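Q: Read top to bottom, the protein sequences are chains A, B, C and D. Position one of the first sequence corresponds to residue 347 (the working numbering), numbered consecutively onward. Position one of the second sequence corresponds to residue 50 (the working numbering), numbered consecutively onward. Position one of the third sequence corresponds to residue 2 (the working numbering), numbered consecutively onward. Position one of the fourth sequence corresponds to residue 60 (the working numbering), numbered consecutively onward.
These are calculated hints, taken from the structure and not from any lab test. Note that this is a predicted model, so its numbers are computed, not measured. Certain hints may be false.
Claimed, not checked - Facing chain D, a subset of chain C residues (Cβ under 7 angstroms, in silico):
1) R36
2) H105
3) I332
Said to hold, decoys possible - Distance condition first, Cα-Cα at most 25 angstroms in a straight line; then the derived DSS-like pairs of lysine-lysine:
4) D:K175 <-> B:K349
5) A:K476 <-> B:K83
6) A:K498 <-> D:K128
7) A:K357 <-> A:K377
8) B:K329 <-> B:K225
Just so you know, even glycine gets a beta-carbon here, dropped at the ideal spot from N, CA and C.
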Amino acid sequence: MLDSSVIDALKERFSDGIVEVTNSSGDDIVKVKREILHDVLAFLKNEKGFDYLLFITAVDYPKREKRFDVVYQLRSTATFDEIRIKAEVGIDEEVESATDLWVSAIGDECETYDMFGIWFKNHKGAGGEKLRRAFMPDDWNGHPLRKEYPLKGDEFSDRWLDKYLPEGQRHQPEHTRMP
Amino acid sequence: MSSPDIRVVELNMGPQHPSTHGVLRLILRINGEKIEHISPRVGYLHRGIEKLAENMTYQQFTPVTDRLDYVFSMNNNLGYAMAVEKLLGVENQIPERAQWIRVVVAELDRIANHLVWLGTHALDIGAMTPYFYCLREREMILDMFEEISGARLLYNYVRIGGVAKDITPRFLDMLKEFLKIFPERHKEYDTLLTKNRIWMKRTKDVGVISKEEAINWGLSGPSLRGSGWEWDLRKKRPYLFYSDLEFDVPYFSEGDVYARYLVRMEEMLQSHRILEQCMKKVPDGPHIMDEFKKVSKPIKPPAGEAYGYSEVPTGELGFYIVSEGKNKPYRMKIRAPSFLHAYALPFAARGYLISDVVAIIGSFDVVFGECDR
Amino acid sequence: MYVVIWGIVKFIVLLILISLYVLFMTWFDRKVIARMQNRIGPKLIGFHGLWQPIADTIKSFWKEDVIPMGAYRVMFWLAPVIFITAVFATAFVIPFAPPIKTSHGLFHFSVVHVDVAVLFVFAFLGLTSFGVLYAGIASGGSKYPYIGAQREGAQMISYEIVLALSLLNPILMSHSLSFEKIVEAQTHHLWFVFYQPVAFITYLIAMFAVAAKVPFDLPEAESEICCGYFVEYSGMKMGLFPFGQYIAVLVLSAIMVIMFLGGWTGPFWKGCFFVGLIWYWIKIAFFIFLFTWAWATFPRYRYDQLMDISWKILLPIAVLNIFWTGFALAIGLPII
Amino acid sequence: MLFNDFRKGLSVTFKYLFKKPVTENYPYEKIKMPQRARWLHHFNPKKCIMCKLCENICPPKCIYMTVVKNEEGKRELKGYDIRIDRCIFCGLCTEVCPTKAITMTDVHEFADKDRKNFHFNMEQLSKVGQEEEKKVG
């Protein structure tokens with residue numbers, strides 16, 4: 347459990363930006379508005395000592411108006427406290443990148459973009475690389491961790507592979523499908 | 050006159066390369082043999098484990114966690130089980146015997162992973178023999194795990210609320226034998242490598258990471274401790290009964306490959322020390338909580354979310370689980386240390402030579418089952 | 002005519018012997034390294050897997066021969082040929098047994114007997130790097146062979162100098178470039194290793210580097226650049242490169258024994274042909290075993306460190322050592 | 060001493076040259092499996108009560124159970140197939156089975172070149188354990 351001073355300081359600094367402060371299974375969760383997300387992270391890192399970014403991810407709630415929750419889990423190296431920052435993001439909204447604060451955000455932002463299609467503005471990878479898909483091929487259609495994305499492919503889901511295969515090898519691998 | 054662009058060659062290292070530890074692909078831009086830029090590409094082993102988790106019950110997902118980092122499956126099981134227990138709020142009700150078994154298998158698995166790491170790391174740098182010596186000792190550990198769980202690599206042993214099966218007397222005998230043999234075998238690897246001048250030349254002052262960089266790059270585990278952080282979750286946030294055990298957290302402030310090597314070598318001995326303390330007293334009692342004994346009985350955690358973490362051999366493995374009160378998780382994010390380590394490579398290896406890239410990959414202990422998920 | 006026929010006979014005998022030696026060496030390497038690693042090694046075919054190398058050779062003849070699309074075909078074919086020819090030529094002048102007296106004079110157990118054998122060996126050892134360089138360049142823009150060939154070129158240049166400079170000391174002391182005369186010079190004194198321990202060590206280190214064996218196997222570092230210059234080769238063409246390497250190991254060990262360890266001279270039964278033969282081959286076998294032993298034990302150096310060792314440590318030591326030898330010879334110090 | 064580190068390292072490898080190898084002579088000497096070994100399934104159709112728990116728990120969904128109603132209106136087990144090529148040998152099916160109709164044996168040598176041979180049906184699965192016993196006895 348986090349002591350209340352951090353949350354009080356957050357409330358004081360970003361008075362109307364804080365949407366909700368909750369606690370679940372002993373983890374503190376602060377929900378903020380998307381616009382001030384980067385400022386909150388910078389504030390926590392620079393002034394409150396939360397200098398270790400554990401992960402960035404997103405959760406998809408397709409029925410909501412703004413369907414994604416972007417989640418940042420931070421930890422303080424001094425006190426070992428943890429805090430979770432969340433922000434609601436709509437399907438065509440962008441998030442300010444945290445790569446200027448943490449290098450470890452590069453991989454996670456690429457992954458979140460790949461899996462959910464959330465675009466991170468001003469993302470700067472190693473050597474100034476742009477945001478790109480982390481796991482899937484660059485020309486992949488869709489974002490796999492969205493709820494509407496199917497778990498299993500149909501018989502045509504390997505078609506994208508065909509253009510990479512030589513003539514005569516263009517067949518679907520049989521073992522990937524149900525009988 | 051040649052422009053600088055012509056001198057820079059793009060070299061594709063991987064996905065099939067003997068020392069990228071699986072399927073890491075690095076696009077190196079080299080000038081001579083010097084690295085100007087690295088662009089890591091991961092995902093060649095992507096199996097969509099997070100998507101699978103959303104479509105599986107909590108118990109069904111346990112065998113899938115084995116497939117994360119297949120070198121230390123026990124620790125993956127343990128990390129997942131602890132995350133779900135945190136979500137359920139039962140983390141303090143685990144039977145004593147189950148806790149004992151969990152610590153023993155986790156530490157044995159840590160030794161097993163470090164042995165594989167040591168062997169492959171030495172192989173990358175060119176020393177062939179430590180690999181076979183290490184696998185010889187790992188074989189003993191795998192035999193023990195086979196005795197209690199029935200499988201040699203993907204155990205599916207540590208379950209939510211306890212462990213799958215009770216240990217057998219034969220396991221204890223094998224464990225005693227292993228504890229007797231291990232220190233002298235450890236000394237052999239030490240003789241072959243630690244003071245060897247070639248080994249020191251290849252690893253000292255290579256891949257130096259400062260204390261601040263290590264935190265900023267999201268390193269964890271031995272890689273972080275090699276940069277001077279005395280940061281072990283077993284000490285800082287003790288789970289199970291690690292707080293009752295005596296062990297040191299080795300850390301070195303040099304931050305180079307050699308420091309990370311020394312950390313892991315020392316950790317093996319510390320795990321051995323923990324195991325010897327465990328052997329003094331084997332508690333009795335059930336090996337699993339009664340309500341989780343039946344695998345077919347659905348687990349329905351209350352709506353909410355939890356981030357459960359544990360110290361696995363490569364770093365901090367975390368499971369961020371969002372539950373909506375159903376028997377399947379709504380969303381599961383796996384914080385994989387290997388993934389962050391792979392993305393720290395371009396920063397750690399910039400300015401070094403091709404041979405150093407291999408050493409640095411090895412020193413991070415990146416395994417792609419976990420990195421790609 | 003007599004000389005030509007004898008030369009051809011000797012050449013064929015050498016070819017057979019060397020092929021048998023290489024076949025045996027592949028088995029020996031695998032078996033010894035396996036035992037050092039607590040394994041069994043080859044064991045199925047023949048007595049303790051002794052026929053395994055023959056099976057391997059037959060297999061590699063039947064393998065599909067892949068030539069990459071962008072390769073320069075002529076050079077690609079030529080590279081292993083140049084390599085194997087150059088290495089094989091070095092073995093021509095190596096005596097395989099002590100000379101025996103016949104009615105026609107001394108009979109030498111080497112294909113050609115030349116008085117400047119040391120020069121001959123160095124000329125052809127230098128040529129081997131051309132084979133490797135061609136292999137790297139001919140692989141058609143494939144980058145790993147290219148890096149491997151670059152490494153081999155640099156390594157060969159740096160270490161041949163050290164190798165030659167270390168050998169200058171025994172040459173200076175025996176006033177000869179002929180192997181037989183150098184051995185003979187050591188029968189009058191102690192072996193040269195006792196006079197020239199520094200040159201012995203520099204030669205030993207340079208020997209590993211020139212043969213490109215662990216800990217100096219950078220041109221083919223399989224964990225960094227995946228076997229380096231012969232990545233793109235397959236079948237028997239690929240097999241020729243390790244084949245040549247094994248010959249180089251033999252030649253360098255033989256030179257080591259001749260130059261520093263008194264060749265076929267031993268502490269007792271001097272002058273007997275068979276005893277000399279056994280002494281000679283025991284010494285050579287030890288150095289060949291040393292190659293295998295080091296392979297099983299040591300990690301690999303890095304490219305820049307390799308260059309540092311050569312140019313910053315070994316070369317100055319070797320040059321100073323020559324000065325010392327020349328100085329000692331000039332003023333007639335009793336150490337010679 | 061000069062090169063002391065090299066000497067020590069060399070002595071370790073040299074020592075092993077004269078030690079007995081630890082390699083198991085596998086295909087010629089069979090490995091003894093522990094009792095809990097999780098390998099090829101054995102299925103006993105007489106014990107099965109058609110509860111479908113194993114089919115539901117199977118993480119890769121490689122168990123296919125066909126239950127039909129016969130003329131008398133009773134449920135009858137028509138087929139029980141396991142696609143071993145997809146099986147991950149987690150052992151959950153044996154754990155959930157209330158009557159121990161499905162168990163795991165230590166038969167582990169069933170490699171094949173054709174994927175079709177990994178579709179094990181009910182008769183094949185019910186013979187798995189027995190064959191092994193015959194070989195041993």
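Q: Of all the hints given earlier, name the ones this structure violates by number, lowest first.
A: 2, 3, 4, 6
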